[in-house]
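Undergrad: Following the hints, complete the assembly by docking chain B onto the known chain A.
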Amino acid sequence: MSASALLADDSLWELFSRAISLRDYNTRVVLAGTTMLGISGGLVGAFLILRKRALAADVVSHAALPGIALAFLLAERFSPGSGRSTGVLLLGAFVTGLLGMAMTLAIRSWTRIKDDAALAVVLGLFFGVGTALFTVVQKTKTGNVAGLRDFVFGKTASLVAADVWLIGGISVAVIVLCGGVFKELSLLCFDEEFAAARGYRTTMLDGLLTLMAVTVTLIGLQSVGLLLVVALLLIPPTAARFWTNDLKIMSILAAVIGGVSCAGGVVLSSSFPRLAAGAVIVLTGSVLFLVSLVFGKERGLFPRWRSQRQFEQRIGRSDLLRACYELLEPILGSDETTPESLTIYEIDALVLSVTRQWPRGRFHGLIATAVRDGLLVLSSKDGYHLTLRGAEEARDAVRRHRLWEIYLLTQTDLDPRLVDRGADGIEHVLDPDQLAELERRLGGESPHGVPPSPHPIGASGT
Amino acid sequence: MNSLLTPLQTWTLLDTWIVVIGALAAMACALPGCFLLLRKQSLMGDAISHTSLLGVVGAFFVSHWLVEAKVISPTTELSVRHVAMCVGAIVVGVLSAWLTESLQKLGNVESSAALGVVFTSLFALGLLLIRAFADNVHIDLDCVLYGEIVTAPMETVGKSGVPRAVIVNGFVLLINLLLTILLFKELRLSAFDPALATTLGIPAQTMHYGLMGLTAMTLVAAFESVGSILVIAMLIIPPATAYLLTDRLPRMIGLSLLIGAISAALGHVSALTLPPLISRSIGIADVQDASSAGMMAAAAGFLFVLAMLLGPRYGLAVRVWHRLLLKLRIASEDVLGQLYRMEETAPRVIADADSSDVRQRTSWHRYITTHSWKSRIATWLLMRRGWLTGSHSDARLTDIGREAARTLVRSHRLWESFLAKHFLLGEGRFHESAEQVEHFLDPELLAELDHDLDRPGVDPHGRAIPK
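Here the protein sequences line up with chains A and B, keeping their order. Numbering-wise, the first sequence is residues 1 to 462 according to the working numbering. Numbering-wise, the second sequence is residues 1 to 467 according to the working numbering.
Please keep in mind that the hints were generated in silico from the structure rather than gathered at the bench. No incorrect hints appear here.
Interface residues of chain A toward chain B, partial, derived using beta-carbon atoms under 8 Å:
#1 55
#2 110
#3 111
#4 112
#5 117
#6 120
#7 123
#8 125
#9 128
#10 131
#11 231
#12 238
#13 276
#14 283
#15 286
#16 293
Beta-carbon label-pair distances, calculated as ranges:
#17 B:277 to A:194: 46 to 56 Å
#18 B:326 to A:182: 39 to 49 Å
#19 A:313 to B:65: 40 to 50 Å
These numbers were taken from a predicted model, which means no experiment stands behind them. Quick reminder that beta carbons are idealized off the backbone N, C-alpha and C, glycines included.
If we strip away everything but chain B, and leave its shape as in the complex, we get:
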């Protein structure tokens, strides 16, 4: 444990800024991401993050050309370039969304295929332009792709010591937050029910392209500081995680913001601590840390898997547990029903108590040995609850147990009678259905059945229906 935390002892202001930048970028991405996820356009974000490379390259060309043409001075080129990059990315982002949709409509191309064709083509074009004119512009591909979150805090604004990346990402987050709050009703409606939204006069097309533009702007702002990997991951993973945890949109948005921020912190901490640990264990001694952006994405993925497994409502563990509980409930009800029927067929006539006792014991024995482990656990649970007495090999109903068993057998036989009355089924078919349905009939339904059948005394097999 000590060795795990050693790298954290050198935590500096720089590390804090890295986490802040990562968190701001993640939160800015999560906002449009929530709506992309709900609109089933998750891959659109990934696609735009690729194609905006073309916009970025275009911006480089434009700003370079402006300097060559002496429209702007080299000193202002940098700020012009930043604006141009943003505009370029938005234009290309909206363009790729528009191209995808046109291909889908005009060419009858399936949506994911259309998306794939558009984004690979535009990205290839961007790559080609970079390589072809690499002498004129200095674009570090790695920087665009992986980002340099570690060096991002170095570039500060003025004397405040606040990194530029914090201001850029914070600003984008603010814009996204404002737009989300202002357009919440429209966004929600067009995400869940586009048809209704259109009839209510919300311009669906405009919302669609607006969201694409916003996504592109968010992505390109985050690119420079954190790289496209983090952006691709943060756009969808935190919203998807939140989606697994809640059914309410405001809560989902809030949660995705929180998850984004946590992923950033967790990612940077693990980037400092995990690699030395792992590399030492596989025998490579000289690794100090790993890419923080990558680890932040991995941390978000880790949180997703956690939510997928342990989520309170939709988690796998909960669902497995519920299924197990249901199985156990059914098994215990079956045990109760079985014992009730045994008592029926072997009435405790006082004169012949012993022989009926023996008969019941042997038939119980046959039951419990031929049934699965569930019945055995169910028997044990029923004994603990006080519904059964006796031993495992000779179980008897207690009074409370008999009461529950009676309800169950009543459900079974009422359902059989109901089937016999309304359906033309063979004799043997009632039982199978009743065996399943008996576990799911509530008192109201039973009363209804009883009423429908005019309070029958016996079931189709001639056995008494307990009251």
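Looking at chain A on its own, in the form it has when it is part of the complex:
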């Protein structure tokens, strides 16, 4: 097992191995069931997130509290001793959870109280009633509230196999169902009207999604606790969103993150008995979320920062080369600026640095990068030569800039003094097709040469 290589520390390994090797039947079952729960949570959550309903799960979990207490009271009343059966309690939770959802919908559509406040009102009301009922339970003869309290804070480790079979079984059913109606649900999330026009019953699909969300929330109660169960549906898909724009990949990733955080939580909390499983599951998810936030390929901070930086570097490089060209142009004459001739003359760094108002540090950085990339070579102290490659790139940069300037001058009534600025912004984002089109429209003079500048250089360039 490669894990042994990772965990050199013997004592830590001992703790982990006990949890990972699953010597104990109950741990094995709990691990499997909770992982299934995490997978189904991530999967259903992906759709909830897209419909901007993630926090509805929080309301459902809070609304479950009075249902659990009521179910216990009623079960104890009619057949004493049956009150702690998970099935009965979950049924109660299901009823009031749905009731809470219904009330949110009613408030939202019948009053002027909107989404977030409607959620907050229902949450407060149901939680209050639930607490009151819990104290009632506590005061009945049979009502040791301990078993019920696990629903509030969650107690993964103490789950019994029978409960886990229930949780795991329902999770698998949700996963299968979700996979079965995947196409319909994606359509619902992205374009509800289109889905309706295609003949899908959007109300039914929406109801199905809600039902699945309620189900996952409720079976998650015992593992994570009602205060945190929303995290199962919320964190994995939000984390997955940083990696991809494709819903299919996103939901698979959300399922994986959900599964991993649940499994990790169970393993960690059974290795360190002090750690509350629910909190560890959530925090494992949070860590994965942070990793995604920073490194996520599509929206992560680091990739975005890097592509931003690369873009800035490209701009700086082409600005520098253009400045080189414009320094050499008067010496060569604008008809003689072949790549070869551009490499002949030396460029004085000091003169170059004042052509544009580069800060000192940035200028030296640009020069260093250009030398490293083989565009410039240092020929004397503070004197540089363009290389052949540098000269070609410089010609390209100038051509892009001037084509756009000429285009602006011929197509708009802009003041010639302003076109330089306008071209500065655009030249870097022109692609070859657009350049070809520009050249075609401007009459196709000097197809591969560089047109002369339409305005005196230096007057507006500095």
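TA: Then chain B, alone, in the frame of chain A:
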């Protein structure tokens, strides 16, 4: 009734203090709650109430560490801890608001998802710390969560006999009141129109974080005495209830304070009276009372539902009633119009009075039997008002009724003429539109139409437009 009130006969000073503490906490919460609601940040309060657990835990660690390091003596630890808890909660509250906003901006995460991620993570961290170091600090999770409003009055200050919780919550209420009054203009503007507020030089960011800090402070002060449930409920439910009742912000704030206080009283009374009643009816005899904090939250919810159903302006009942009235008005106007047209097509020529009479009666009969219950009720109402005479099966317009009917038919035909003049519509299309619009044209508009059409004598179908 008697048995319902029996538990109240043992009402003591303690019960009074419980109600006072609950009311003070509810009122203190309602003030920032109003602005949270208007700023569409209702769930932020809920989130902060969760995350401030982390602040509370942090405060425990700090005060514990200070005692260990012999910076403070164990005797002063308690008071230091209270201050530290308050500071910790404010810090974490502002932190969670800031994290949520950063996630939203930096990571392009949708606001509710960002909120959810932040509050579950921070709360989980708080829980983890409590469990991991439970030996060192004695935090009763239940107490933080549910509060012990019942025992809160026991801890009194000095010899005055005034419970500490009253002073703490009262003090917070006072601070909130003062800040609300002093910063009323700024708060109102930044709640309703943040863009305008920014252009007027009100620092929106500072207001935002200030409100978050204030919310966190209020929450943590109330936590200890009443528990987070009451706090979560009281932060939003009373303001939401008030919002259903009025359109004016000062009135909304006043109402939410009142509703908070009423909820506290109602909640405690029902905590004493309802549980025995309910438990006896389902056959569990030994329940005396329920959690007062929970019942206070439930009472606030009850008042909300009441306002939602019976509110004078936005209540469901009022709106249903208005819709019914409108439907009845339209039905009665339709009945009047129908009778007017029947009189038109069957003019009471004296020589042939009988046959025209019969024709009108049969066509009325056909009308009233093919139309819905609304027309029948409308006919009955019109008869009572004296606009119709005769019997249900043979209704006739009275002079006043004919006058009203004439106005209606005039509206109908003027509108048809207007449509014919300005729109290229098929012949059959005028009628449908006019059938709807005729009920909503006021005299001014009619005069305008009449003027626009150069006082036409007939409508596009060639029928006379009554004057």
